[in-house]
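Student: Spelled out from the first residue to the last, the chains are:
Number of protein chains: 2
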Amino acid sequence: MVNQQFATAVHVLTALAFNRKDLMSSDLLAQSVNTNPVVIRRLLSLLTKASLVTTTRGKSGGVKLSKDPNQINLKDVYLALSPVDPMAPREKSPLKECPVSCSMYSIMTKVSVGTQKATLKYLESQKLSDLIKKIPKS
Amino acid sequence: MVNQQFATAVHVLTALAFNRKDLMSSDLLAQSVNTNPVVIRRLLSLLTKASLVTTTRGKSGGVKLSKDPNQINLKDVYLALSPVDPMAPREKSPLKECPVSCSMYSIMTKVSVGTQKATLKYLESQKLSDLIKKIPKS
Numbered sequence: 002m003v004n005q006q007f008a009t010a011v012h013v014l015t016a017l018a019f020n021r022k023d024l025m026s027s028d029l030l031a032q033s034v035n036t037n038p039v040v041i042r043r044l045l046s047l048l049t050k051a052s053l054v055t056t057t058r059g060k061s062g063g064v065k066l067s068k069d070p071n072q073i074n075l076k077d078v079y080l081a082l083s084p085v086d087p088m089a090p091r092e093k094s095p096l097k098e099c100p101v102s103c104s105m106y107s108i109m110t111k112v113s114v115g116t117q118k119a120t121l122k123y124l125e126s127q128k129l130s131d132l133i134k135k136i137p138k139s
Numbered sequence: 002m003v004n005q006q007f008a009t010a011v012h013v014l015t016a017l018a019f020n021r022k023d024l025m026s027s028d029l030l031a032q033s034v035n036t037n038p039v040v041i042r043r044l045l046s047l048l049t050k051a052s053l054v055t056t057t058r059g060k061s062g063g064v065k066l067s068k069d070p071n072q073i074n075l076k077d078v079y080l081a082l083s084p085v086d087p088m089a090p091r092e093k094s095p096l097k098e099c100p101v102s103c104s105m106y107s108i109m110t111k112v113s114v115g116t117q118k119a120t121l122k123y124l125e126s127q128k129l130s131d132l133i134k135k136i137p138k139s
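From first to last, the protein sequence lines are chains P and R. Read in order, the letters of the first sequence are residues 2 to 139 in the working numbering. Read in order, the letters of the second sequence are residues 2 to 139 in the working numbering.
FYI, nobody ran anything at the bench for these hints, they're computed from the structure. It cannot be assumed that every hint is accurate.
A pair counts as met if it fits within one copy or between any two copies, since identical chains are not told apart.
[Said to hold, decoys possible] Below are the SDA-like pairs computed for lysine to any residue, each with C-alpha atoms no more than 25 Å apart in a straight line: (1) K134 <-> S113; (2) K138 <-> A51; (3) K111 <-> E125; (4) K138 <-> S46; (5) K76 <-> C103; (6) K50 <-> L24; (7) K122 <-> N35; (8) K50 <-> K97; (9) K93 <-> Q5.
Based on the sequences and whatever the hints tell you, model everything.
Tutor: Set out below in structure tokens:
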């Protein structure tokens, strides 16, 4: 499910932004998220493709952000997961004699696009550098 | 699922707005949506509770909008279905030693609330009276 995956991706990237100086292992990230390392590795592969993280292999390897936390926003994260739009209309055979039925796909497509735009505009305003300000430094 | 239910609710209310002069039966609405009348009746019960539609019982009965189409917007429709916020964070036991883990629930709650607000603001701007303008009059 993309929503849980989005939350996990934000968690992982926030952890990497918070611990900028160190490489982090997928095992450590999995502990922080409280999930299976396999879930984290699958996610890291998507985040690498989207150029948000860089992985160094080997014994002392690990993951780090590819950019500064103020250059990554939650729209980048959302789009990296190629989510299915939750408001996207399904194609259904319309009732041909009913003008409302025949127009609904185009009406709901407009609503879906508008909702998606509003969501992405908000997510774009949320940078990782803002999110880590809310974490107490121990 | 609320997303499909939302699309169905918008379809039903758009049909009622387009055919304002007539009462419509749940069977006719079901034909237009291409779904089971039981689905429509369950939905009409929620829309009635939210004061969006009025049902007249009996042989010549049916459903109509309770208000003018320019007084109903898609936020009203969305909230009538009491949807679960798709971005809402799940409560997970955080890793106590990890400040990121301990902060994620509050961070994701803020993201969820912000996304929900942005979505509702867009939906509020979309009135039924606007939607029916896109339907060709035969």
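Student: Now tell me, hint by hint, if it's right for this structure.
Tutor: How the hints compare with the structure:
{"no.": "1", "hint": "K134 <-> S113", "result": "between (33 Å within a copy, 18 Å between copies)"}
{"no.": "2", "hint": "K138 <-> A51", "result": "neither (29 Å within a copy, 46 Å between copies)"}
{"no.": "3", "hint": "K111 <-> E125", "result": "both (21 Å within a copy, 14 Å between copies)"}
{"no.": "4", "hint": "K138 <-> S46", "result": "neither (29 Å within a copy, 51 Å between copies)"}
{"no.": "5", "hint": "K76 <-> C103", "result": "between (33 Å within a copy, 23 Å between copies)"}
{"no.": "6", "hint": "K50 <-> L24", "result": "within (18 Å within a copy, 54 Å between copies)"}
{"no.": "7", "hint": "K122 <-> N35", "result": "neither (30 Å within a copy, 34 Å between copies)"}
{"no.": "8", "hint": "K50 <-> K97", "result": "neither (44 Å within a copy, 31 Å between copies)"}
{"no.": "9", "hint": "K93 <-> Q5", "result": "between (28 Å within a copy, 11 Å between copies)"}
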